[in-house]
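Residue numbers (our numbering), protein chains in the order written: chain A, 211 to 466; chain B, 7 to 428; chain C, 6 to 315.
To be clear, the hints were calculated from the coordinates, so they are not data collected in a lab.
Please read these numbers as outputs of a predicted model, since none were measured by experiment.
Be aware that one or more of the hints could be misleading.
Examples of chain B residues toward chain C, derived with CB under 7 Å [what the hints assert, rightly or not]:
| no. | residue |
| --- | --- |
| 1 | L79 |
| 2 | L126 |
| 3 | V130 |
| 4 | P134 |
| 5 | R137 |
| 6 | T141 |
| 7 | L148 |
| 8 | S156 |
| 9 | T311 |
| 10 | L315 |
| 11 | L316 |
| 12 | I323 |
| 13 | A329 |
| 14 | E375 |
| 15 | A377 |
| 16 | V378 |
Here are the computed lysine to aspartate or glutamate pairs in the EDC-like style, where the Cα-Cα straight-line distance is at most 20 Å [said to hold, decoys possible]:
| no. | chain 1 | residue 1 | chain 2 | residue 2 |
| --- | --- | --- | --- | --- |
| 17 | C | K114 | B | E24 |
| 18 | B | K25 | A | E310 |
| 19 | A | K334 | B | E24 |
| 20 | C | K114 | B | D224 |
| 21 | A | K409 | A | D234 |
| 22 | C | K114 | B | E386 |
| 23 | A | K404 | A | E345 |
| 24 | A | K334 | A | E345 |
| 25 | C | K119 | B | D309 |
| 26 | C | K119 | B | E24 |
| 27 | A | K409 | A | D377 |
| 28 | A | K404 | A | D377 |
| 29 | A | K404 | A | E394 |
Over 12 Å on every C-beta distance to chain A, these chain B residues come out as not near it, computed from the model [as the list claims (entries may be wrong)]:
| no. | residue |
| --- | --- |
| 30 | G157 |
| 31 | D174 |
| 32 | R223 |
Cβ atoms here follow ideal geometry from the backbone N, Cα and C, with glycine treated the same way.
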Amino acid sequence: MTLPPALSIRGLSKSFGPARIITDVTLDIAPGERHAIIGPNGAGKSTLFNLISGLYFPTAGSVALNGENISGLPPHQINRMGLSRSFQVSNIFTNMTVRENVRCGVLNTMGLGYSFWSNIGANKTAHAKTFEILERCGLSDKANVPASLLPYADQRSLEIAITIAGDPDVILLDEPTAGMSQSETARAVDLIAKATEGKTLLIVEHDMGVIFNLADRISVLVYGEILATGTPQEIRGNAEVREAYLGDEALPEELA
Amino acid sequence: MSTQDTFDYSAHVPSNAEKFRQRTLPLLIFAAILVAIPLTGPSRTMYTLMHQMGINIVLAMSYNMLLGRAGLLSFGHAVYFGFGGYFAMHVMNWIADGSGIWGGFPVFLLPVLGFGAGALAGAVIGWPSCRRAGTTFAMISLGVAELVASGAFMFDGFFGGEQGISGDRMNGPQMFGLTLGPISQVYWFIAFWTIVGVAGMYAFTRTPLGKLSEATRDNPQRVQFIGYNPQRVRYMVFIFAGGFAGLAGAMSAVNYEIFTPDAFSLGPSGFILIMAYVGGITYFVGPIFGAILLTYMQSMMSDFTDAWLLYLGVLFISIVMFAPRGLAGIVFGFGAGLRGPRPRAFLITWLTHLAGIALMLIGLIVLVEIAVRWSNGYGEAFAPFGLPLAQSNPLSWLLVLLSALAGGALTRRAARMREAQA
Amino acid sequence: METIVFALVNGVIYGLLLFMLSSGLTLIFSMMGVLNFAHASFYMLGAFFAYTIMGATSFWLALIFAPILVGLIGAAVERYGLRRVHVNGHVAELLFTFGLAYLIEEIVKIVYGKTAVNYRVPSILDFPAVQIYGADLPAYRIFMLFVAMAMLIGLWLLLRRTRAGLIIQAALSHPHMVGHLGHNVPLIFMTVFGIGCALAGLAGVIAGNIFVTDPSMAVQMGPIVFVVVVVGGIGSLEGAFVASLLIGLLQNLAVGINASFADIFGFLGLTSASEVGSITVSSLGPVLPFLLLVLILIFRPQGLMGEREL
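Isolated chain A, as found in the complex (with noise of 0.2 Å):
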């Protein structure tokens, strides 16, 4: 017996009054994938992963998370499925301490929903846990700075943290290298890789040098259609994609 498709996307489309923004995607994503989502601006890229992840609802088509669909679900019970997703804007709570923060994340997965009789303190598991994600991507020493002090990396660390710290199957990373410099870029893909190690990952990306170190396979979206999926070998060797998407740019060295 096989294994479904960890995610599996099925004719979605979503239109937003008359302008269509995502067009009959179908994808899907094996476990244990790192599947990149690249595309140019406006291509639907966001759009897509508000999909999936259930902050929109499609106007067409249909998303399975392990075989069960979960489109029209409300996104708390999709994350409760196993799907987790990080923002392009850092969306952290940022009254509370880093650790506060990861620690959030964490209650879910110690069966903590929304309990109140137990004391959050004293819950050596849920400690651990928060420590184990902290010193996983980072930011253990900066465990009691308040997350609006952090600086803009650690911010996009602490962004990933919190998306992995439910011990989601399938991540979903939204340009999680947006805006760093190229020492930050590479501490955050090294990040990335050990993050998400034996875990499902989608990951939109502009970055090219991030994309084909971290991939196994490319999707390339072009006005909300899917152009070309496929190994990062073969999308560099694809002459619809250079064309569609690279245009006259000067080509990013891995691509030429």
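Chains B and C: place on chain A using the hints.
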């Protein structure tokens, strides 16, 4: 999870000693003060005042579970106080009748039932109202409160009509040997439940739900993506806030032995909001400050002046405009300033500011008091410290103008000094 | 029959009055995100100012100058109060207006006393204008109808036919975009706040003399106006209009029905001896808007015509 064994996180979390110093100790000191107060032999007036303070502390803190901790601005919190109180009043009468199981129920434990009634009211009313947050929630809370307040005058069977429901607390089994007859015995009842309420609400902030409540306040969208439904978080917090308000209601029922439908109206709801906000909603202890100060003002100032509500309004607006962190913010800011790098300069600025505010206050008081006496038309003149300040006396207007101007100049100077120091 | 006609006419008048208040509240809220808790206080100020001006001069001058005065006060409140609080967010703004409502009420009590003032319908309009089914419809009611309609048309023209109206409309649906277009947003805010308050003041001028002009009139009106805004759908002027008329008609029709619950639900075994059974529909009148609010919240949380999720 190899890191779990090797990484020592104890350096990054508060040690047990720190936890004791920062969390348990303040509560113990608070309890010790409450226990010590009767040793000073307070007068009957003092007792009455302190009882109202205890009730208002629990009430204002329960309100802050919504406004400060969950970001929910409610204009109808008195509703839950009212339901808790009314239910307690009814049970008090059932205890007096000795009918059924109620004959054996101690009056001392009524706040437990008040909590239940308040929480139930929160569960029923919160269900339609907690679907929306922000300003919409505020409007809804006002409408629902009006509905309940009008309904309270309609269903006399439960609410007792205009004259309300009264009872007698000296029935049923005693606890801790308290008959609850003399006012000094009621003190222990109030003190006990004030501490239980404060400790309970503090404990709530330490639970996962308490933390999620803060997370939902800061970023409801992200809460969805860590697997929680923000509406459900708000709803559950709302139930608890209603419960603690109901607890305060039952404290009030035992203390006054009467409850009237007026308890539900918008006035009390507004007063709760003002207490919590003036005290400082970003601090857990803020509402305690607000409850103590405003209860004192309410009982003392209404004897001295007709315009106490006007002063209350001015105080509230000033806090909203100039000190949004409330009294607690001012107190803790003062402490932090003195421990800062330049305590002397800080103190001078602070005192300048204080003097400016005091002068403006004098101007305001003279103006308001003259106006109030003119409005009453009894021909009585405002004469503080034997100084007659009639409205026809140019000295009065000079005083108003001069102190306002001088006060304004001083506060501006203080603001400039603060800028120079920053 | 005549009771129904009267209820309809009064309902429409009361509804239009509600719309004078709720349209200003909606405009202010949609553009600035500020829920003006003191909105009904400006309605009260309109009535009291009209009383003063009418005492010194005439009703007609009051009709013109009282709303202008209220509008100026509103603009000053925005300029020197709200704008300062703005940095602390919408909750702080709402709380500021909440405190303001307190202050206005207390100041009115000091200046005008705690009881109702004798603000009367001008004698020139104090005669029965039409007879319907043998009963008189006072001329002043007709006059109110005209003023309300004129205000409605004026507002419509302002929004549809002027440049400022275009900007306000744009701000209603896309509040964040208008600032990027290079418009003087603070000035627009101050103007809109002033106009909204002036509309409330106008409602006070024409309603204060047929209802009661006393310091509690703001507290009585305020919550109903909030209900109108929520029921209509937040940010929707059309919704506010429909909800205003709906609530106006509901309340006035209910007052005319003397049937008790026992009469209506008698088939369920409800008797007039029981507490619920003895409640009459007419006594429910004041509660109806709030009942409607709860029903709307349960069955249509976005309001009758609301689209924007908040």
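Verification of the hints:
1. L79: Holds: closest Cβ of chain C sits about 6 Å from B/L79, inside 7 Å.
2. L126: Hint on B/L126: violated, closest Cβ of chain C at ~17 Å, above 7 Å.
3. V130: 11 Å, violated
4. P134: With Cβ-Cβ at 4 Å, under 7 Å, it holds.
5. R137: 5 Å, holds
6. T141: 5 Å, holds
7. L148: Holds, because the Cβ-Cβ distance from B/L148 to chain C comes to roughly 5 Å (cut-off 7 Å).
8. S156: 5 Å, holds
9. T311: Nearest chain C Cβ about 11 Å off; hint violated.
10. L315: Holds, because the Cβ-Cβ distance from B/L315 to chain C comes to roughly 5 Å (cut-off 7 Å).
11. L316: Holds - the Cβ of B/L316 comes within 7 Å of chain C, reaching about 4 Å at its closest.
12. I323: 4 Å, holds
13. A329: 11 Å, violated
14. E375: Result: violated, 10 Å to nearest chain C Cβ.
15. A377: Holds - the Cβ of B/A377 comes within 7 Å of chain C, reaching about 5 Å at its closest.
16. V378: It holds, given that the least Cβ distance between B/V378 and chain C is near 6 Å, below 7 Å.
17. C/K114 / B/E24: Distance ~53 Å between C/K114 and B/E24 Cα, so the pair is violated.
18. B/K25 / A/E310: Holds, at about 16 Å.
19. A/K334 / B/E24: With a Cα-Cα distance of about 17 Å, the restraint between A/K334 and B/E24 holds, given a limit of 20 Å.
20. C/K114 / B/D224: Given that 20 Å is the threshold and the Cα spacing comes to 40 Å, the pair is violated.
21. A/K409 / A/D234: 26 Å, violated
22. C/K114 / B/E386: Roughly 18 Å separates the two Cα atoms, so the pair holds.
23. A/K404 / A/E345: 11 Å, holds
24. A/K334 / A/E345: 16 Å, holds
25. C/K119 / B/D309: Between C/K119 and B/D309 the Cα gap is close to 18 Å, so the pair holds against 20 Å.
26. C/K119 / B/E24: 55 Å, violated
27. A/K409 / A/D377: 9 Å, holds
28. A/K404 / A/D377: Given that 20 Å is the threshold and the Cα spacing comes to 13 Å, the pair holds.
29. A/K404 / A/E394: 15 Å, holds
30. G157: 30 Å, holds
31. D174: Fine: 35 Å to the nearest Cβ keeps B/D174 off the interface.
32. R223: 8 Å, violated
Checked against the numbered hints listed earlier, the structure breaks hints 2, 3, 9, 13, 14, 17, 20, 21, 26 and 32; every other hint is satisfied.
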